[in-house]
Amino acid sequence: MSSSEGAPESWISSFCGMMGHEFFAEVSEDFIEDDFNLTGLQSQVPMYKEALEMILDVEPEEEDEDEEEEEEEEDEDEILGDDRPAFRRAGERRHARVASDLSVIESSAELLYGLIHQRYITSRPGIQQMLEKLEMGHFGSCPRVYCNGSRPVPVGLSDTPGQQTVKLYCPSCQDIYTPPNSRFHSVDGAFFGTTFGCLFFMTFPDLDVAPRPVDNPLSPVRASPAGTPREPQPTEINGVRTASFAAGLGPGRVYEPKIYGFKVSDRSRSGPRMKWLRMKPVEIRELDEMTRYESQHPLADREGDMDMGAGAAQNAAIARRKKAPMRRRRYNTNPGVNGGEGL
Amino acid sequence: MMEDFNSETDSDYTSYWRDWFISSRGNEYFCEIDEEYLTDRFNLTGLNTEVPYYQYALDLVTDVFDLDADDELREQIEKAARHLYGLVHARYIVTTRGLAKMLDKYKKCDFGKCPRVICEGHPLLPMGQHDIPNTSTVRLYCAKCEDIYNPKSSRHGSIDGAYFGSSFHSMMFQVYPALLPEKSIRRYEPRIFGFRVHAPAALARWQDQYREETRARLRDAGMETRFAEDSEGEDDEEDEEEVQTSSARKEKVVGDAASGRMDLGN
Numbered sequence: 001m002s003s004s005e006g007a008p009e010s011w012i013s014s015f016c017g018m019m020g021h022e023f024f025a026e027v028s029e030d031f032i033e034d035d036f037n038l039t040g041l042q043s044q045v046p047m048y049k050e051a052l053e054m055i056l057d058v059e060p061e062e063e064d065e066d067e068e069e070e071e072e073e074e075d076e077d078e079i080l081g082d083d084r085p086a087f088r089r090a091g092e093r094r095h096a097r098v099a100s101d102l103s104v105i106e107s108s109a110e111l112l113y114g115l116i117h118q119r120y121i122t123s124r125p126g127i128q129q130m131l132e133k134l135e136m137g138h139f140g141s142c143p144r145v146y147c148n149g150s151r152p153v154p155v156g157l158s159d160t161p162g163q164q165t166v167k168l169y170c171p172s173c174q175d176i177y178t179p180p181n182s183r184f185h186s187v188d189g190a191f192f193g194t195t196f197g198c199l200f201f202m203t204f205p206d207l208d209v210a211p212r213p214v215d216n217p218l219s220p221v222r223a224s225p226a227g228t229p230r231e232p233q234p235t236e237i238n239g240v241r242t243a244s245f246a247a248g249l250g251p252g253r254v255y256e257p258k259i260y261g262f263k264v265s266d267r268s269r270s271g272p273r274m275k276w277l278r279m280k281p282v283e284i285r286e287l288d289e290m291t292r293y294e295s296q297h298p299l300a301d302r303e304g305d306m307d308m309g310a311g312a313a314q315n316a317a318i319a320r321r322k323k324a325p326m327r328r329r330r331y332n333t334n335p336g337v338n339g340g341e342g343l
Numbered sequence: 001m002m003e004d005f006n007s008e009t010d011s012d013y014t015s016y017w018r019d020w021f022i023s024s025r026g027n028e029y030f031c032e033i034d035e036e037y038l039t040d041r042f043n044l045t046g047l048n049t050e051v052p053y054y055q056y057a058l059d060l061v062t063d064v065f066d067l068d069a070d071d072e073l074r075e076q077i078e079k080a081a082r083h084l085y086g087l088v089h090a091r092y093i094v095t096t097r098g099l100a101k102m103l104d105k106y107k108k109c110d111f112g113k114c115p116r117v118i119c120e121g122h123p124l125l126p127m128g129q130h131d132i133p134n135t136s137t138v139r140l141y142c143a144k145c146e147d148i149y150n151p152k153s154s155r156h157g158s159i160d161g162a163y164f165g166s167s168f169h170s171m172m173f174q175v176y177p178a179l180l181p182e183k184s185i186r187r188y189e190p191r192i193f194g195f196r197v198h199a200p201a202a203l204a205r206w207q208d209q210y211r212e213e214t215r216a217r218l219r220d221a222g223m224e225t226r227f228a229e230d231s232e233g234e235d236d237e238e239d240e241e242e243v244q245t246s247s248a249r250k251e252k253v254v255g256d257a258a259s260g261r262m263d264l265g266n
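Chains U and F, in that order, are what the protein sequence lines are. The UniProt record's numbering puts the first sequence at residues 1 to 343. The UniProt record's numbering puts the second sequence at residues 1 to 266.
Honestly, the hints are just simulated from the structure, not real lab data. Being a predicted model, the structure only gives us computed values, none of them experimental. From the three backbone atoms N, C-alpha and C, an ideal C-beta is built for every residue, glycine too. Keep in mind that a hint or two might mislead.
Said to hold, decoys possible - Derived coverage of chain F by chain U (criterion: at least 3 residues anywhere in the stretch with Cβ under 8 Å from a Cβ of chain U; other residues may be distant):
hint, stretch
1, 81–87
2, 136–150
3, 159–171
4, 174–182
Unchecked claim - From chain U, some residues computed to sit far from chain F (all C-beta separations above 12 Å):
hint, residue
5, Glu22
6, Asp57
7, Ser182
8, Val187
9, Leu249
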């Protein structure tokens with residue numbers, strides 16, 4: 001608090017400038033001033049009004065002058081069903097506040113800011129601001145070797161504050177990691193929320209999250225992994241770009257333990273058991289479950305239990321004809337693809 | 001002749017250089033190589049072509065260096081000595097004594113903890129992706145997720161991976177299989193407003209199927225694979241469901257093991 005007093009810096013920018021708060025975006029005052037964006041937060045944050053004033057840098061002197069007026073306003077708030085602590089109703093509240101309440105309000109303000117931040121970064125200006133932070137490298141890089149320094153974003157594992165600290169979600173391996181620097185180990189994950197990570201990468205599908213191309217021999221990833229697909233892959237699969245979808249996974253990007261150059265067999269008691277975690281089909285169409293289902297269950301089988309109208313059946317027949325060539329292609333590649341993976 | 005000198009001084013002569021080396025900042029991953037191991041020429045086979053000023057470097061490492069060299073030469077010898085120590089270290093840590101020393105360090109978490117959240121801070125082991133020096137830097141292997149990570153500190157990021165070698169961590173678990181952690185099938189599920197996202201979920205289903213097929217294949221070969229979630233789950237509905245579906249898959253695949261593995265699509 002003392003840092004923001006007298007300085008031209010706003011509470012928000014001083015909060016974001018604090019050590020360990022490098023992941024936070026600066027929420028615009030417009031966003032905070034819109035009551036709709038704060039729906040429901042009043043019941044989650046103690047001393048909500050004071051905390052909000054602190055975030056918005058409402059001058060404390062003003063409050064003292066308009067003490068009585070404000071008291072009335074607050075009474076109205078209380079009528080609105082807000083369960084405030086009893087000590088707040090005491091007449092000498094103002095005097096007590098100067099000393100001990102200040103730290104309470106400060107921590108309330110941080111909590112409130114965090115919860116607003118959770119909402120803000122899923123909004124259009126907020127997510128854009130986080131993109132800029134990502135591009136400036138504020139979130140670091142994925143520690144996994146085969147992700148080749150892809151850039152993660154901060155996420156929470158819970159939307160309720162006080163449960164888990166902030167984690168980093170890597171789009172390349174679709175896994176979450178603890179931030180390397182211990183200063184982040186006290187930042188609440190709820191201030192980023194569970195939604196942001198995935199939403200971010202779906203909002204910017206053209207973002208280059210794929211591991212950097214190999215440009216030196218020190219890099220662990222070979223230019224062309226063992227199982228390079230023999231045919232062009234679709235540009236989109238399940239609504240995401242194939243090129244950036246789980247780019248750090250799949251054959252060639254799964255670690256193979258070796259002893260004196262020989263692979264450790266998975267039949268060994270201490271052999272590899274976790275390859276599935278970093279696996280991805282070479283033939284990406286295998287993940288297109290809808291098309292696969294349709295190809296395995298021809299229309300004739302389904303008509304009986306689906307009770308389709310004549311028009312729908314006709315449309316489905318057309319769709320089936322469209323899919324036919326692709327299906328044939330897949331059958332051709334299948335044995336080779338899976339033969340390679342099974343071992 | 002040199003060996004005689006060493007054995008003579010072994011008892012009262014503490015390893016100044018090696019003590020200094022392993023306790024200096026950035027060298028926390030190294031363990032101390034026994035004097036005996038260092039002075040056995042057989043263990044150093046081939047290193048004389050790899051390390052410049054080989055004899056001086058070896059003298060320095062074994063604390064018998066007494067050349068009156070100028071600063072520049074001394075610095076080069078110092079550098080060579082560190083390189084030599086690293087290369088011998090890679091050989092030493094796969095020996096019985098070396099493994100035991102590294103095991104102590106592993107138990108003390110000297111190599112850090114796995115950054116992957118689901119691994120819950122499992123201790124790491126240092127490794128190199130190559131055994132040839134100056135090819136890649138040191139990586140850290142997590143036995144729980146069986147993946148390799150970059151050290152988080154930059155002072156470790158510049159250590160040569162060849163000083164630990166590509167075999168060490170596998171050797172550790174071959175020698176001490178009891179150390180193997182229980183693997184987990186838990187994973188991170190990306191969600192948007194509480195809903196699972198289709199693309200990652202489809203990949204997760206594919207990976208689950210891949211896992212169960214590998215498991216069935218290993219079972220046929222007489223090697224049972226167990227995950228942490230197999231034993232619990234009776235009281236947890238979701239886990240039970242997971243186990244049931246996986247066992248259903250297993251039956252399907254076991255019934256027709258070869259073809260079941262061949263086509264994931266059918």
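When the hints from earlier in the document are held up against this structure, which numbers fail? 1, 7 and 9
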